[in-house]
Amino acid sequence: MVNVDATFFHKSMQMGIGVVVHDENGDFVCEKSILLSSLFRVDEGEAIGVLEALSWVKSFGNENVLLLRATEMV
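Convert by adding 1013 to the 1-based position in the sequence shown; the result is the number in the numbering used here.
Calculated from the structure, these hints are not laboratory results. For glycine and all other residues, C-beta sits at the position ideal for the given N, C-alpha and C. The reader is advised that the hints may include incorrect statements.
To be verified - What follows is a list of derived Cβ distance ranges for each label pair: (1) Gly1031 - Asn1075: 14 to 22 Å; (2) Gly1074 - Asn1038: 18 to 26 Å; (3) Ser1046 - Lys1024: 17 to 25 Å; (4) Glu1076 - Lys1024: 35 to 43 Å; (5) Met1026 - Glu1076: 30 to 38 Å.
Claimed, not checked - Pairs of lysine-lysine residues, derived as DSBU-like cross-links and limited to a Cα-Cα distance of at most 35 Å, are as follows: (6) Lys1045 - Lys1024; (7) Lys1071 - Lys1024; (8) Lys1071 - Lys1045.
Produce the entire structure from the sequences given, and follow the hints as far as they go.
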């Protein structure tokens, strides 16, 4: 299971992406965070987060992935 979320820092024109990987029992496996020096629309940022998460998890050789993401406009 892979959780992914993006956050946006408008003042500094940056975007952060967080990825957390859990095993089939829900136990923590690993995590990754990425800071991009670009600001995107929310839908674009979330899509980039999903792409980054899937690319990273695929590099482990995982083919079967349940992807969860949170979307909330504040």
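Tested hints:
| no. | hint | verdict |
| --- | --- | --- |
| 1 | Gly1031 - Asn1075: 14 to 22 Å | holds (18 Å) |
| 2 | Gly1074 - Asn1038: 18 to 26 Å | holds (19 Å) |
| 3 | Ser1046 - Lys1024: 17 to 25 Å | holds (19 Å) |
| 4 | Glu1076 - Lys1024: 35 to 43 Å | holds (40 Å) |
| 5 | Met1026 - Glu1076: 30 to 38 Å | holds (36 Å) |
| 6 | Lys1045 - Lys1024 | holds (23 Å) |
| 7 | Lys1071 - Lys1024 | holds (33 Å) |
| 8 | Lys1071 - Lys1045 | holds (14 Å) |
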